[in-house]
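As you go down the protein sequences, you meet chains R and S in turn. Using this note's numbering, read the first sequence as starting at 1 and increasing by one per residue. Using this note's numbering, read the second sequence as starting at 1001 and increasing by one per residue.
Rather than coming from a laboratory, the hints here were simulated on the basis of the structure. Incorrect hints may have been included.
[Said to hold, decoys possible] Just so you have them, the derived chain S footprint on chain R, three or more residues with Cβ under 8 angstroms:
hint: 1; region: 8-17
hint: 2; region: 46-55
[To be verified] Only pairs whose alpha carbons sit at most 20 angstroms apart, straight line, appear in this in silico EDC-like list of lysine to aspartate or glutamate:
hint: 3; chain 1: R; residue 1: 53; chain 2: S; residue 2: 1009
hint: 4; chain 1: S; residue 1: 1016; chain 2: R; residue 2: 33
hint: 5; chain 1: S; residue 1: 1016; chain 2: R; residue 2: 67
hint: 6; chain 1: S; residue 1: 1014; chain 2: R; residue 2: 33
hint: 7; chain 1: S; residue 1: 1014; chain 2: R; residue 2: 61
hint: 8; chain 1: S; residue 1: 1016; chain 2: R; residue 2: 30
hint: 9; chain 1: R; residue 1: 53; chain 2: S; residue 2: 1439
hint: 10; chain 1: S; residue 1: 1017; chain 2: R; residue 2: 35
hint: 11; chain 1: S; residue 1: 1017; chain 2: R; residue 2: 32
hint: 12; chain 1: R; residue 1: 48; chain 2: S; residue 2: 1008
hint: 13; chain 1: S; residue 1: 1208; chain 2: R; residue 2: 61
hint: 14; chain 1: S; residue 1: 1133; chain 2: S; residue 2: 1439
hint: 15; chain 1: S; residue 1: 1014; chain 2: R; residue 2: 17
hint: 16; chain 1: S; residue 1: 1017; chain 2: R; residue 2: 61
hint: 17; chain 1: S; residue 1: 1014; chain 2: R; residue 2: 5
hint: 18; chain 1: S; residue 1: 1017; chain 2: R; residue 2: 49
hint: 19; chain 1: S; residue 1: 1396; chain 2: S; residue 2: 1485
hint: 20; chain 1: S; residue 1: 1016; chain 2: R; residue 2: 35
hint: 21; chain 1: S; residue 1: 1358; chain 2: S; residue 2: 1327
[Claimed, not checked] Okay, the calculated beta carbon distance ranges per label pair:
hint: 22; chain 1: R; residue 1: 16; chain 2: S; residue 2: 1056; range: 21 to 29 angstroms
hint: 23; chain 1: R; residue 1: 21; chain 2: S; residue 2: 1367; range: 32 to 40 angstroms
hint: 24; chain 1: R; residue 1: 67; chain 2: S; residue 2: 1545; range: 46 to 54 angstroms
hint: 25; chain 1: R; residue 1: 70; chain 2: S; residue 2: 1032; range: 39 to 47 angstroms
hint: 26; chain 1: S; residue 1: 1009; chain 2: R; residue 2: 55; range: 14 to 22 angstroms
hint: 27; chain 1: R; residue 1: 4; chain 2: S; residue 2: 1154; range: 47 to 55 angstroms
hint: 28; chain 1: S; residue 1: 1079; chain 2: R; residue 2: 70; range: 40 to 48 angstroms
hint: 29; chain 1: R; residue 1: 53; chain 2: S; residue 2: 1354; range: 37 to 45 angstroms
hint: 30; chain 1: R; residue 1: 37; chain 2: S; residue 2: 1082; range: 21 to 29 angstroms
hint: 31; chain 1: S; residue 1: 1194; chain 2: R; residue 2: 37; range: 23 to 31 angstroms
hint: 32; chain 1: R; residue 1: 57; chain 2: S; residue 2: 1067; range: 22 to 30 angstroms
hint: 33; chain 1: S; residue 1: 1205; chain 2: R; residue 2: 30; range: 21 to 29 angstroms
hint: 34; chain 1: S; residue 1: 1367; chain 2: R; residue 2: 16; range: 20 to 28 angstroms
hint: 35; chain 1: R; residue 1: 4; chain 2: S; residue 2: 1066; range: 30 to 38 angstroms
What you are looking at is a predicted structure, and each value in this text was computed from that prediction instead of being measured. Backbone N, C-alpha and C fix where the C-beta goes; we use that ideal spot for every residue, glycine too.
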Amino acid sequence: MNTRERVAIIFRDVFDDDKLQVKDSTCAADIEDWDSLAQINLLVAMEKEFRIKLNLSEVKDLKNVGDMISVIEKKLAA
Amino acid sequence: MSISQTSDDLLLRKAKKLREELIQRPNLVAKKIAILGGSTTDQLVQVLELFLLEAGIKPTFYQSNYNRYFEDVIDDDSALYQFQPEIVYLHTTIRNIRSFPTLNDKPDQVKTLVALEMAPLQAVWKKLGEKLKASVIQNNFDLPPFRPLGNLEFSLSEGKVNYVTELNREIAIWARTHSNFYVQDIGYLSAAYGLEQWHDLNHWYAYKYAMSVNALPKLARNLSSIISSILGKSKKCLVLDLDNTLWGGIIGDDGAGGISLGPETPLGEAYRDFQSYCRSLKARGILLAVCSKNEEIAAKSGFNHPDSVLQLDDFAAFKANWEPKPDNLVQIAQELNIGLDSLVFVDDSRFEREMVRKQLPQVSVPEIGEEVTSYVRILEEAKFFESVSISAEDQKRAQLYILERERESAKMLFSDYNEYLKSLEMRAEIRPFSATYLDRITQLINKTNQFNLTTVRLTGGEVSASLTDPNQVTLYGRLADKFGDHGLISVVAGNIEKQSLKVSLWLMSCRVLKRGMELAMFNALLMEARKRGLKHIQGHYLPTAKNAMVAKFYEELGFRLESRSDNGGTIWGYDIQTAKTPAQHFISVNQEHSNPKENPKEEKTRRSA
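Construct all of the structure, not just a fragment, from the sequences and the given hints.
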């Protein structure tokens, strides 16, 4: 499974919606329950899933799914 | 999917789905819980809800705004007080300590600083105690993430580690001297988790979590076990397999000489220590039972091993046979008069564990594995036996079950049951609630399931409030006999409305069934009602899954059925004026003599109804 698919599953888990489809451009405005609480759950789940640690500057700039995937891939490549 | 099969790492991620499933469970008890945090608590609440639902509690939460707990508590008109929580959790951490000592502060100055630091917290605790009847859970302080003074932080009086220790000592003292106030020891929790992992600075700066979000499942599980304990939902009995659980090897094959137990081998030592752990649970009131596939004689011979810490009389029930284990567990629960949901079953065999899980989902079956060195850790992680207080009754409980066996054998000698009851030389103390027994009364109210007419649960605060309420009639009953002391085993309480006493609580420990104690309580209640000039007693029976044994209780006492409610409940009335003589029993009530043989004025009157 690639990063994109794994991220999509995290979204489905956190929002408990098996049919949820996310695109790179998907952002908080597109998903009703995507509030600051969900944002923390998403980021912590990603840290666990990919065994990475997001630093403060990274955390602050994650506005949509594409941002998240690219920061994860950058971390995994490093 | 269930919580026990979901790893801590996935709990938050799967929280919504888990919640949806758990909330479908039958018989959830609703509770209002306020979470007052000095840091973010949203995720904590999310995970805590899962553990509480699993424990049969359906919480409604109030959360203070970020670090506004002090204002919430001090303001009389705050939303907190409109919410009227039954449980308040105060979650402050090292991040909320306002000032630390500075280098070269003298011990006196540090002492003053401790007092200054504690003052607002103490004000909060005091105010909560005055305004609410809620149980308050305060966590102590975790150790700091950094030590600029290194190891001196511990030894210098102005050191941060020393300072935190001093603050925590103040919290402990408050807990020892105030009722309804319980400490969650996150000092220990964070150490067990690992301080380096506990303090996640990214999570602090980014989300304002005082500890790593990953540590929240551990924190929440621990908190949930304290809440369960306050509500009387802790487990009561540890049921143990024998071979490769309490000793290494197969007793039926190897004999007492061949099993691994004792200091000669590393494995034997580990089994001995596990036995010691079980014994320490027994000492604080957890019942022990054996459930083993073995010949009984062989099974018992294991406890003759010179290094066996556990002895046969440590067990309240002993089942060694070839019947299926679920059948034996049902029998153990019956013998001990406790529910299946009070049992924890420990067996190294995966087969047996699965069978019990499938057939008796009410029984807790930890995934104990087959490594004796892991048994204690797995048991402790599950927090089955968390207890907010240890009463004198708890410590005597195991002994009581052994005395009960002696009574049973004494019963054989009598053909007439009344003769047997007389021979027990029973003495009771029946009086209004008093502060001395507050903890035990609260415990009994929250634990008793079978002989319980209404199954109303009360917090210590609510019980305490009844002490001074002139409209409440309260009675507790203690019972002793020639074999020993049962302790405080019955509670009756009600409110006076006009000239009627509305009985809201009537319960008794099943340990003393069929002794006539319920009749002695009834006589005392009648006496109290007469003293207050009341004309009528109204009793209420509310059926639950467990209290069918008292469905006809009021009828048997001579009450008349007044009405039925939709939920299957019945309301009964008793006219005090037309009541004749008191009910007959063989218990001498409120006589100070220690030996009733020298006391001929035993209460022996004819039963009227």
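Consistency of the hints with the structure:
1. 8-17: Our answer is that it holds, as 5 residues pass the Cβ test (under 8 angstroms) against chain S, meeting three.
2. 46-55: holds (count 4)
3. R:53 - S:1009: The given pair, whose Cα atoms are some 14 angstroms apart, holds under the 20 angstroms limit.
4. S:1016 - R:33: At roughly 11 angstroms apart (the allowed maximum being 20 angstroms), residue 33 of chain R and residue 1016 of chain S satisfy the hint.
5. S:1016 - R:67: Distance ~24 angstroms between residue 1016 of chain S and residue 67 of chain R Cα, so the pair is violated.
6. S:1014 - R:33: 15 angstroms, holds
7. S:1014 - R:61: 25 angstroms, violated
8. S:1016 - R:30: 19 angstroms, holds
9. R:53 - S:1439: Violated, at about 47 angstroms.
10. S:1017 - R:35: 18 angstroms, holds
11. S:1017 - R:32: 17 angstroms, holds
12. R:48 - S:1008: Measuring from Cα to Cα gives roughly 11 angstroms; hence the hint holds.
13. S:1208 - R:61: Cα-Cα ~17 angstroms, so holds.
14. S:1133 - S:1439: 14 angstroms, holds
15. S:1014 - R:17: Given that 20 angstroms is the threshold and the Cα spacing comes to 11 angstroms, the pair holds.
16. S:1017 - R:61: 28 angstroms, violated
17. S:1014 - R:5: Holds, because 17 angstroms separates the two Cα atoms, which is no more than 20 angstroms.
18. S:1017 - R:49: 18 angstroms, holds
19. S:1396 - S:1485: Holds: residue 1396 of chain S and residue 1485 of chain S sit about 9 angstroms apart, inside 20 angstroms.
20. S:1016 - R:35: 14 angstroms, holds
21. S:1358 - S:1327: 13 angstroms, holds
22. R:16 - S:1056: 21 to 29 angstroms: 23 angstroms, holds
23. R:21 - S:1367: 32 to 40 angstroms: 36 angstroms, holds
24. R:67 - S:1545: 46 to 54 angstroms: Once the Cβ atoms are compared, 52 angstroms apart, the range 46 to 54 angstroms for residue 1545 of chain S and residue 67 of chain R holds.
25. R:70 - S:1032: 39 to 47 angstroms: 44 angstroms, holds
26. S:1009 - R:55: 14 to 22 angstroms: Holds, at about 20 angstroms.
27. R:4 - S:1154: 47 to 55 angstroms: 49 angstroms, holds
28. S:1079 - R:70: 40 to 48 angstroms: 42 angstroms, holds
29. R:53 - S:1354: 37 to 45 angstroms: Since the Cβ atoms of residue 53 of chain R and residue 1354 of chain S sit about 38 angstroms apart, the hinted range of 37 to 45 angstroms holds.
30. R:37 - S:1082: 21 to 29 angstroms: Check passed, 23 angstroms falls within 21 to 29 angstroms.
31. S:1194 - R:37: 23 to 31 angstroms: The hinted range 23 to 31 angstroms holds for residue 1194 of chain S and residue 37 of chain R, with Cβ atoms some 26 angstroms apart.
32. R:57 - S:1067: 22 to 30 angstroms: 25 angstroms, holds
33. S:1205 - R:30: 21 to 29 angstroms: Because 28 angstroms falls inside the window, the suggested range holds.
34. S:1367 - R:16: 20 to 28 angstroms: 26 angstroms, holds
35. R:4 - S:1066: 30 to 38 angstroms: Given a distance of about 34 angstroms, which is inside 30 to 38 angstroms, the answer is holds.
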